[in-house]
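S.K.: Using the hints provided, position chain B relative to the given structure of chain A.
There are 2 protein chains.
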Amino acid sequence: MSETRIDVNALAEQLLGPYAEVRKASRARAARPELQRDPSLPMDAHRARVLEQLGILVQEQAVQRAFPTEFGGHDDHGGSLASFEELVAADPSLQIKAGVQWGLFAGAILHLGTAEHHAQWLPDAMSLKTPGAFAMTEIGHGSDVAAVATTATYDEDTEEFVIHTPFKAAWKEFLGNAALHGKAATVFAQLVTKGVNHGVHCFYVPIRDENGEFLRGVGGEDDGLKGGLNGIDNGRLHFTNVRVPRTNLLNRYGDVAADGSYTSPIASPGRRFFTMLGTLVQGRVSLDGAATSASKIALQIAVTYANQRRQFNSTSDTEETTLLDYQRHQRRLLTRVARTYASSFAHDDLLDKFDAVFSGREDTDEDRQDLETLAAALKPLSTWDALDTIQESREACGGSGYMAKNRFNQLYSDLDIYVTFEGDNNVLLQLVGKRLLTDYASEFRKLDTGAVARYVAKQVGSTALHRFGLRGVGQSFADVSDERKSANFFKDPANQRALLTERINAKVVEVAGALRAAGKDPVKAATAFNENQDLLISAARDHGQLLRWEAFTAALAKIQDPATKEVLTWLRDVFALSVIEDDLGWFLANGRLSMQRARTLPEYINRLLARLRPHAQDLVDAFGYTQEHLRAEISSGIEGQRQDEAMEYFRRLRASDNAPVSEKSLRKSGAKA
Amino acid sequence: MSETRIDVNALAEQLLGPYAEVRKASRARAARPELQRDPSLPMDAHRARVLEQLGILVQEQAVQRAFPTEFGGHDDHGGSLASFEELVAADPSLQIKAGVQWGLFAGAILHLGTAEHHAQWLPDAMSLKTPGAFAMTEIGHGSDVAAVATTATYDEDTEEFVIHTPFKAAWKEFLGNAALHGKAATVFAQLVTKGVNHGVHCFYVPIRDENGEFLRGVGGEDDGLKGGLNGIDNGRLHFTNVRVPRTNLLNRYGDVAADGSYTSPIASPGRRFFTMLGTLVQGRVSLDGAATSASKIALQIAVTYANQRRQFNSTSDTEETTLLDYQRHQRRLLTRVARTYASSFAHDDLLDKFDAVFSGREDTDEDRQDLETLAAALKPLSTWDALDTIQESREACGGSGYMAKNRFNQLYSDLDIYVTFEGDNNVLLQLVGKRLLTDYASEFRKLDTGAVARYVAKQVGSTALHRFGLRGVGQSFADVSDERKSANFFKDPANQRALLTERINAKVVEVAGALRAAGKDPVKAATAFNENQDLLISAARDHGQLLRWEAFTAALAKIQDPATKEVLTWLRDVFALSVIEDDLGWFLANGRLSMQRARTLPEYINRLLARLRPHAQDLVDAFGYTQEHLRAEISSGIEGQRQDEAMEYFRRLRASDNAPVSEKSLRKSGAKA
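As given, the protein sequences belong to chains A and B, one line each in that order.
Using this note's numbering, the final residue of the first sequence is 692, and nothing's skipped along the way.
Using this note's numbering, the final residue of the second sequence is 692, and nothing's skipped along the way.
Any given hint could be a false lead.
Which copy? The list can't say, so a pair holds if one copy fits it or any two copies do.
Said to hold, decoys possible - Mimicking DSS-like on lysine-lysine, the simulated pairs with C-alpha atoms at most 30 Å apart in a straight line are:
1. Lys577 with Lys187
2. Lys43 with Lys372
3. Lys543 with Lys202
4. Lys187 with Lys213
5. Lys543 with Lys683
6. Lys148 with Lys202
7. Lys453 with Lys43
8. Lys187 with Lys372
9. Lys683 with Lys43
10. Lys577 with Lys372
11. Lys577 with Lys543
12. Lys543 with Lys510
13. Lys504 with Lys577
14. Lys424 with Lys43
15. Lys510 with Lys424
16. Lys543 with Lys453
17. Lys539 with Lys453
18. Lys510 with Lys584
19. Lys148 with Lys504
20. Lys424 with Lys453
21. Lys687 with Lys453
Bear in mind the hints are in silico, worked out from the structure with no lab data behind them.
From a predicted model like this one, the values you see are computed outputs, not experimental measurements.
Just chain A, same shape as in the assembly (with noise of 0.2 Å):
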């Protein structure tokens, strides 16, 4: 072990964000078993206990947080986000069925809504006196939300919309409390009034009676069993020309006089559409965080359980090698501790963001945008992340990773689905890249085409340039001689920085190049795009792995504590190194690393997993979760337990007169003899 240590209490009060007592309340409240889920639970009896925990978080008063002062909320957008997130670590049904009642349906009802409606509906999706589904997903169109097919068809005679479900394709699908416990539904719908479509709007639609019989015209199914979060009742609902008064319509960003005339404060009816769907934005926030805190869960259990199994002896014949000091083991897990650092830090930059937007503090359109395009970058990776992770650990912890009591299993069946909702993870990285794209393309906005020619020429001759490898081959001369040049090359963050910032610039530009070579006809530029949409969302992924090691490097300069910056610094080139590791061959093609130090790549990531493991158990320690969050037997010290009694048996046995002696050494003295 190293002699310094690095300070696991600072580190872990810094990991805990701008939200750090938010977040210890939550924590404290997930550490309560009655609030965890139990995993003897068939559905029906999961999805009863998720409803009453539910209740639980309303009498504590742990769910009004983002609600106005008016209803008894506290306006902190932020902090209730940072709540929701750690009810991950009880259960993340219950995380999900929470966000569903107070983050989307009463979340609508709130954002798209106005003062009439939150007077009317809010208090009661509040106290969960209507619990509520948010029926947004149609079967036949998952993300693609603009062409919901539901219709909400104005009816002067009686001022009211008509909601109706045309096909089976447009059946709302996937509504948690849709099966069961919802009374009622924010439901999206295409707004028709005078004959003219005005997109899709939101509409408060009652769906249940008191006794929780479908309404007149509503019905549904059950979508009975899931892949994972089974404490939630998801399910599906079909409307045959269901009445709500005209005043249903949650009017804030477009709205239907009595007379059946449309007004909207934004004209465009784009815009409208991505503004309201905008304002959903803090689920895909949540998702970031909930993901990053299952990670951690599960590097700090399987990092326990390498710290404590031994497995082959290869140095020593008495004690066998502790699995992380295999070089291998430490591939494997502390990669994914590095990233999992990086992830928390961006992800709390996500909820500053979140916040100054939320709260109005900076709530321009330009945030608005950034705040999504932020969210857009950082979720697809933390929740695809949380997945690998997850299963890395539970394949480093062998059979026992796979028992139930261990957990890795539940976390990931439950987790799995977060990289397809709130926006599938590739459609949500299409996003990224398109505004990459448009940030791209506004810098020639005032440009004549003269200038945009010029621009991407010296481009193309910068490109040929690396192509050609004539950058390269310098740093080949420059560095042959000496690898520690090209270390001190890989650990200058100027450099990383540059590397993970060109590979997007380059990338971008050799899209919008083919975008722009295949002119304005809209087949071949649709064919065009297609051709590079592989590219393009590579380029948006490796947009957020800029975003993250900027949110790292940014937290590093935090760090007061020598041996902690050190550390965590190592952790940095960790995280940034893995990162380039995984495109090298990007990297080389394109003449930004000589062939020189990507060879020397693999070895010093290896050596500076070397350093970190003796601080692997600190590392992991300062995520800060507790048994009770764990709940993981290998993770409790059952495992460094049985390796002592093994050790301490075989100790008294070769100390006395009864141990037998190998076959094997036999035959080696006897050789010898």
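M.R.: Just chain B, lined up with the frame of chain A:
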């Protein structure tokens, strides 16, 4: 759609491999509901159901195939595995519980026991009169079987072995049939006689009486709920001075006479141990097959859905784009179709090799070692790939992929354990890596050290040539004017083979060089080995990919139909080039590819995928599973019906006078006016 179609029937027949008839019969069985999993059953009922299903297999003579004709078997080793593998389509729990009973428990009696043992125990093991556990793994020693701590000490006075568990880490763990159904166990323990430990041997030990009560000295625990495979009653066993007759030692490879003297046909304790373990290789072989089948099932579901599901409109106002027309979706699914083909053909070779050894046709020590290496190289790849393929397939089906009725999560959870049982994947790959090192070293066995030094110098020279990119630059100058030349390079199988082979050789040379430099001091040698562990494991993985490539390429030669041959050649190219793309950084950094060629690779793969796209459904239909095997609502055509109904609705609406106009188009025409 392309005009030429592949010959699906002929391809399906080829994919069934060398045991086509046996495989079909087993698939017919797997299509019967009474042999399938009922997802609604909780653990206890699921366990009881699978036990019953084993009884059905016995009644239908579906389990005897591998056993000697004198016991009613067919001595058909390869066919037996093919038959068991297909049970994964019914329920992985059924496949694995059958594997425990007839592959492991009865297999140990057959392969480690001798004639008397066969006569005494095989009939009841075959008929399931004696359900049995295979008690090898200990909680403290997963993959390190040589280190199990259970002892079997010979007592000359009573002519008995005393089976004993000295401490908690030595409890036998994760054993199928141990929690409930097992009446006996084949127990692996350190054989001690006359004060000498002769290493791990296997003993037949009765564990429960007719009433299911543990016999005296035997104890255990139920493992309870697992991440999956909950139709199997896994549990722990421990032994407190349990006495069994001397003749309960399964004595094919080592025996103890009444007077306690030990004899073995294999002098070296190490080689004896590996020979014993080698007889149990069938577990790994069958997991390779079952995992490949699971990938086929997942892809058949996901590709079918992707061919029906539409989402977003890019080129048409009235028709949305089919998922599989998106480049990213092709990347996600079709690269995995290619890999699954490669895995399927490689598995056929593995089955052939397995049958050759176990039938005695080709059964030298070297054949056995080759078989073990082959199994250890392929099983990790196919089991990891199965998890990756199932997960990507589930995500490609969005929220629908998460519903239990669409099967993915169930398959994933069951297959999860395949990556760490019958040998942890990383441990298996390390074995392969060591074999690669041995083979490399054996090239020098007869050379003096001077020659070795010269060889190494030559290698270093050649590597240096690569390192300075001289080859690469040569490629660059040759190709730079013509992308087609680059494509011709990549599709040439000789180049594919050379790239895939050189990568392994170069990595092995590098590791061997580091080990040689470390010298013979055990601690230094172990340190050097650990510092190269990740590289060595990656070389082993590369070796597995080469084996798959060779199997795929050999399979192409057998295809008669020209259209099928052409399409399958593209598919082989996608497999090979995806493997190269995944490790592109290595090929560039080590001068095996020029920058120019590397840059053209992703686009060339994309073009191949677009060419394959019209054949996607045929390619997965050739896997040959029916709706009875897939059992996923979304593979039934339901999505196509929904889409057709929706399109028909809009067609009619457009043709009528009632179609609302969109505000967007009004604004556009308004702007024009």
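S.K.: Tell me, please, which holds for Lys43 and Lys372 at an alpha-carbon limit of 30 Å: within, between, both or neither?
M.R.: For Lys43 and Lys372, only the intra-copy Cα distance (21 Å) is at most 30 Å; the inter-copy one is 59 Å.
S.K.: Tell me, please, which holds for Lys539 and Lys453 at an alpha-carbon limit of 30 Å: within, between, both or neither?
M.R.: within (16 Å within a copy, 58 Å between copies)
S.K.: How would you classify Lys148 and Lys504 at a CA-CA limit of 30 Å: within, between, both, or neither?
M.R.: neither (66 Å within a copy, 70 Å between copies)
S.K.: Is it within, between, both or neither when you check Lys543 against Lys683 at 30 Å Cα-Cα?
M.R.: Between copies, since 23 Å is at most 30 Å while 73 Å is not.
S.K.: With identical chains, the pair Lys187 and Lys213 could be close in the same copy or across copies; at 30 Å between alpha carbons, which is it: within, between, both, or neither?
M.R.: within (26 Å within a copy, 78 Å between copies)
S.K.: Between Lys453 and Lys43, at a C-alpha cutoff of 30 Å, which is it: within one copy, between copies, both, or neither?
M.R.: This pair counts as neither: shortest intra-copy Cα distance 38 Å, inter-copy 49 Å.
S.K.: When no copy is named, should Lys187 and Lys372 be tagged within, between, both, or neither for a Cα gap of at most 30 Å?
M.R.: neither (40 Å within a copy, 52 Å between copies)
S.K.: At most 30 Å between C-alpha atoms: does Lys424 with Lys453 qualify within a copy, between copies, both, or neither?
M.R.: neither (44 Å within a copy, 35 Å between copies)
S.K.: If the cut is 30 Å between Cα atoms, do Lys424 and Lys43 qualify within a copy, between copies, both or neither?
M.R.: within (25 Å within a copy, 39 Å between copies)
S.K.: As a check of your reading, is Lys543 near Lys510 (CA-CA no more than 30 Å) within one copy, between copies, both or neither?
M.R.: between (44 Å within a copy, 28 Å between copies)
S.K.: Taking 30 Å as the upper bound on the Cα-Cα distance, should Lys683 and Lys43 be classified as within, between, both, or neither?
M.R.: neither (57 Å within a copy, 48 Å between copies)
S.K.: Given a CA cutoff of 30 Å, do Lys577 and Lys543 count as a within-copy pair, a between-copy pair, both, or neither?
M.R.: neither (50 Å within a copy, 40 Å between copies)
Going through the hint list in order, the structure does not satisfy hints 1, 3, 7, 8, 9, 11, 15, 19 and 20.
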